[in-house]
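Respectively, the protein sequence lines represent chains F and C.
Quick note on numbering: the numbering used here labels position 392 of the first sequence as 392, and the sequence is numbered without any gaps.
Quick note on numbering: the numbering used here labels position 7 of the second sequence as 7, and the sequence is numbered without any gaps.
No lab work stands behind these hints, which were simulated from the structure alone.
Just so you know, nobody snuck in bad clues.
Mimicking DSS-like on lysine-lysine, the simulated pairs with C-alpha atoms at most 27 Å apart in a straight line are:
| # | chain 1 | residue 1 | chain 2 | residue 2 |
| --- | --- | --- | --- | --- |
| 1 | C | K105 | F | K505 |
| 2 | F | K505 | C | K116 |
| 3 | C | K5 | C | K215 |
| 4 | F | K327 | F | K221 |
| 5 | F | K505 | C | K101 |
| 6 | C | K71 | F | K505 |
| 7 | C | K71 | C | K157 |
| 8 | C | K108 | F | K505 |
| 9 | C | K182 | C | K221 |
To be clear about the criterion: a stretch of chain C counts as covered by chain F if any three or more of its residues have a C-beta under 8 Å from a C-beta of chain F, and this derived list gives those stretches:
| # | region |
| --- | --- |
| 10 | 64–73 |
| 11 | 96–107 |
Computed from a predicted model, the values in this text were never measured in an experiment.
C-beta atoms are modelled at their ideal positions from N, C-alpha and C, and glycine is treated no differently.
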Amino acid sequence: MRSMKINTSFLKYLDPVLAFQLIFPIAMLMVFLIAPLLSVLMVSVEYNPVNVFTDKTFVSPKPRGQLLFIREISFRGEDILLLKLQGISLGAILNSIINASVVTLCATIIGVFVAFILARYNFPGRSALRIIATIPLLLTPFINAFVIKKMFDWRDGLISWFLNDVLHLPIRIGVESLAGVALAQIITFFPIVYLNTHAAMVNIDPSLEEQAENLGAKGFKLFRTVTLPLSLPGIAAGAALVFIFSLEDVAGPIVFNEPRLMSYQIFSMFLEATTGQLSPAAATLALVMLIIALIAFMSIKKYVSLKQYAMLSRGGRWKPRLKKLGKKGLLFIYLVFLPMLLFFAFPQIGVFIYAFAEQWRGALPEGFTFSHMASIVNDPIVFRGLINSLQYSGLALALIILLGVSASYVASRLSHLPGMDILDMLVTMPIALPGLVIAVGYFFFFKDTPLSPIALGPAILLPLAYSVRRLPFTARAVFAGLQQLHMALEEAAMNLGASRLRVLKDVVLPLIGLNILSGALISFVYCMSEVSVSITLGGLKGIGEQHQAPLTFVMKDYITRVGGPHIVAALGVLLISVQIAIIVTINYVLKQRYAYIGV
Amino acid sequence: MARVKLERVTKRFGTVVAVDNVTLGIEDGELFTFLGPSGCGKTTTLRVIAGFEIPDNGRVYIDNDDVTFKKPYERDCAMVFQNYALWPHMTVFDNVAYGLKVRRKRLKLTDEEIRKRVLEVLELVGLRGLENRYPLQLSGGQQQRVALARALVVQPKVLLLDEPLSNLDAKLRLRMREEIKKLQKQLGITTIYVTHDQEEAMSISDRIAIMNRGKVLQVGKPIDVYNKPTNLFVATFIGRSSALRCKIIEKEPSGYLKVVIGNQVIRASPAPSKTLSPGSSAVAIMKPEDVKLGINDNVIRGIARMSLFLGPHKQLIIYVADQRLTAYIDPEIEIEPNSEVILRIRPDEILVFPEEEWEEVKLEEI
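Here chain C stands alone, though its shape is the one from the complex (with noise of 0.2 Å):
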């Protein structure tokens, strides 16, 4: 158990910036999740912190040692690898087995208690019996139990997951995703997180950092992650937010902002700390269970295009003035294709941006 800190490290492959002048921190004890999309470099940071990759900038730190350059296996932090990485020529009990015989003599473990140690951590996750399998002979999720089983029977101070559910089907991902939050608070354990599932990422962690191009763009709390991104990206990177170009009319004294989309007036808030003059261009973020259909002070004209029936919600699909706007809506109402909708949303759940920032997300939709 053990708190990291990143300081400024930078990461470059040739003249791609895999990483680029991350800080942070991250708390004993903590699930703190690295999430963004492929090529963010998510990954290459977890591998900089296992010390697979020496950044070419930065330092890290586990706990107040400066780790930066030393070995992977100087470090004590266990990784669990996207594709497990089982060894197929040992069985599931020399696969657990393997970092406590590296260690045998430093910890003065005697055959005995390696055998335990290594047959409890397989019951904490739900293997025992298998032991004297090979990983070939296991399912996909069995051997995402071992490889976990493998991390952690060393007690690492910092246990490291790479997209660890990816390989997965859909239902045993939840289950796993359930298992791996409910062992990671009994045992305590510091444990970063890598994936590009933002539902994944927000249900399993104390704090999620967002990535895009090897830069940090927010650290923060799911829920607040959620509500208040800081940042165009990180807005409609979570959740299924519709991103709407508008001008900015005018602040009124209220804190509120009047802009315009198209040629319609609405109500909208300023994104925190961001400077947004009248007569400015601007995007309009708009989360879809936030949109309503009906009339109240604050409301949008579109015509619907197309209605998807997602189960406990319809997704409808509307075009305001050429640009897409989604709402979930009850799925017992019908609309009838093209005809002209009115939405209402209130003023504080639409947060307004700087043009500046679409460059970067309009990069990531190609």
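Extracted from the complex, chain F is given alone in its bound form (with noise of 0.2 Å):
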């Protein structure tokens, strides 16, 4: 009895603005996000998932392949050392894991080893490195990974040649399928690790390390027992996230032509799904793909927020510890850490050339022409997709404002309603799930109804999945702003009389408008660049004159046609430009924002 009481009480803080804001998000959330989830279970349950796991493609008990090929061969009239990285397969699940557990260990290594120099070490051009760190992170699908590729082919790749024609070693080397798929995904997802480390050891209160220094902790040994410590759910939360990226990560797998991975599988079982139906053991995939996602987004959603130490102590702000450098530091900073940084950054500088040379056949590119980029307009498909990703994107983006406002206002002013950590936890967990779980969940969820992707195509469906797969980014955005933006702001206004839409227009918008427009611009860029549902659903229909197709869609397409990647780096300058700009005008606004209230 009691407890119904206090339910109603709560009702009554409810008008109806505050009812559409706490309804919408949820509904929405529910068909779009959780129903397809459960049909993925559902189907997965149904068809038999014992099937999957004894089928030697995705559970192979005996490996297959080598992780190092060595052989001495004769090359062009010489003979060389000939060293490739392959990979050994244990079939597709457990590739997958390895992988992703490789990945994620390298990136993290790298990653906060970076984060760890350029937040404590003051040198010359420290602020030009930190953006040289973060320029892997600028999205090109595709094209970066076939650059990485390129780097490392053992015939016409710069490593080798730089090697056996410029230094005349008598070696070359490659690396190839599994591998590559690693490589590619560390170098891109290691910023990752790096920026959630930086942001941590920016916030460490430096008296915590002064405090060891002055009972005798110094070097490695403050490192280990202070700094790693206090940096550890920034650490953490980076290394979940570049997890579950590499684990969904189809980009890396179609350029280095590995299907010996979950994603790729997933993916090429689309690839049979435009006669209308799509193979059962699709939906047992994603749901072990889900299921390994969501395992490490809950527990280090649970371990971060248990381990929000690093701001406890008091104090307002603090400059950051930043010691000078000696000359040997330097010399490493300027030898080492720079051209590591700068091999990191060549696939994004490497799509620059591909899009401006005539051909890069041989080791280096040759010629230059303004003819690829041309040929995002001149080429009728590429045209066509680079509009249905505006369309789509810019729809999916309305929808994601709405979502995301409304989300994080209920969330952040109903904070004391029960439930409200669940609402909180719809909005943030898209960013944890594979995209092709969501793509497989749609397919099975809305195939038979009149939103289905086989009779009406993606049009509707790709900007529904777009906005919640990237409503984290504003919503978290959003909800930044909210938590700066004193609730006696708003209760001041309700107070002199204005009621809750008019609090919203007048007070709120206003004062988190620019927490909106940075979220909303960052959910437009993954909007653009989202590649697994885009090449999955969004190809349901082909492409040809008037395809429905996304800009990502084309590009895959593109990759592996002559000449394509040409095109597609193109695509990937024009993605770069944007990303760039928005980038800058995110900072230039957030240089804006303030923050007030009271003293």
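Using the hints, build the complex out of the two chains.
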């Protein structure tokens, strides 16, 4: 009886606007997130999931292939030693898990190392290096992996060219198949760990490290006993994201033509789905992927919230500790660290080379042309894809803003209401959900509805999928803004007679407008470059004249065509330009951001 | 202008009872203060009146309207927030004009009338000429005045002030306190004030409600609350009184009690309407200004431990059988540390409370 009473008293706080903001996101996420995930589970159970685990394609107890392939061969009239890193296969499921683990481990070590140097040492050019370290994050679907493949091609790759043709060492190096995928993912994803760790390290109260030094800890001991443990929440968050992104990455496997991974398997099942049927094995693989991703997400979420103590100590703002480097240190920075960062940034540089080179078949590019860039407009299929993506992303963005603002507002303002953490969970979870799982879920859940992707094409479902997948970016930005916005500012308006809608219009939106804008811009970029759902659901109607496929599907299609990579690179340049413009805008906008309350 | 009535109001947050069965009435034109330590429920009570919290039980009336479940924007009680809550994206003028703009249709106000009223109220709080500034460009005291003007301009039935002076420095606080009192009397507006500062409460209020742990312990005029506490918590919270444990020996026919502190017998008065039977343990309350050096027929001896010069007087800390007693003495008098002193105090200035009430006080002292 008593609890009934409390619940009804909570309802008294609801006005129509709040009620809409509560119900709309929940209803949308139930239909376009939870229901599709449940249908993945149901289809998988119906089909008898054991079949997947006994299939040698997916689980093979006998290892195949070798990690390192070494042979002396004669190449272009010269005896050389050929070293090829390839990888061992244990079936797609195990391969995916092993691959994601290796990628996470390597990306974490590199990311923490880079973050530590950039967060704790000062040297001329540090801010330039900080920018270079984030270049790999610029999204250039397919083509960046293609550049990495090209770098490590043993016949016409840059590395082998440099060793063999420039230095005249009798050696050529190649990285292929599983190892190639892993390498591409490490280079692409390490900045995620770097950024999270850097943020954590900058947030550590310097007095904590100073106290340790004061008690006699220094050097690596200080790092191991104080800095590292205090940064762990940031490191863990970054590592978990890398693990999940690696698991669901499908561009790497496509470029390296490596089908022995779960993501590629699901993708290839979609290639046959144009007939209207999707193999139920896709549901089982998706379920496995979902479970692994959710375990990673949940454990890290719990761990991170348990260990948020970096900011525990009191005190206002501080200047992060920056040590000046001696001569040896500076030599290390400019001769080892900088070249390393440039190497990681090379895929994006390579995208530009591909986009403007007439051709790049041998080790070095040849000629200069604008014709690839012109193809973006001149090639009707490419242009159509670009227009489609702009439309889908625009639609998704409208929905994202409405959902993100509503859900964040309710979650921050009714945080005392029971069940609010579930709403928060629903809104942030998609960041950890593999896109392929959503694609499979949408296919099975909507195939017999009016929204069927087979009958209707992807034009409706794709914007919806984008909006669910990219919601967390906007929702988090808005939530952060709302936490800065003291509730008293709204109460003051309500107290003077303004209704909820009027308070939103007069007080909330003007004060968090910049947060919404910056969140929305990020969501937009990630919609435009979305791969997993785009190349599966998005391609169900194929591409031809008047096709419905998004830009990334076109990129996937062109990456395997003769001369296609140049056009994909041109699109990559376009995407990079948009991203840089948006990042600059946000930094400029964020600088303008003011959070003001009282004293 | 209006009367406010709370009837058996209870508000819980989870298992915490923030406001515990509070019933009281606030008169038309009165300046009424909720005073208590932090976490005592005073702000929650104010927020219940404003409509930001809906009580789990009980009713709130403004005049004779039951407003318990009305939305904050339907209540017509303007609030000044502790941190002022000025909108940073609006000028001083727009901040103050906001309440009028929201009511424009209902009150059929023209732009010109709004302008006139805003300027009038800015004049009243002494901010004329600053209307085009943004809050960030103002000092703390000026921000406070804007917040006050914003609340006053809508001529609310009730003015709510939530620790309005706590963010100001000491000097400004004294001045604003005078100004608020002057404005309130000038406008005759029913005002509910929340503070944890007893001096502020006593200087400004017509009546005070002292709260602790969600309960209202005593309601009365400042002088009554100060001199006639009905409760041990109030007696120790108000003023700088010392509390000494004692045992009741006997009740004299005169009404005074004979109590023993340590091994010294002294005469004291029973707190109003308390049952204090001989032989029971009790707590004796003495105000430092009532404890004097010298001899008469009611004295107590102790060891002077320390003296602290406070300006108008000197605070002497004395130990009586391991219990602390403070006295304000003439600052000219020098007392050797650890010397014995004899203190006199009139029996009617020692208030004795039953020991049961001690628990609540001790909890607050931790």
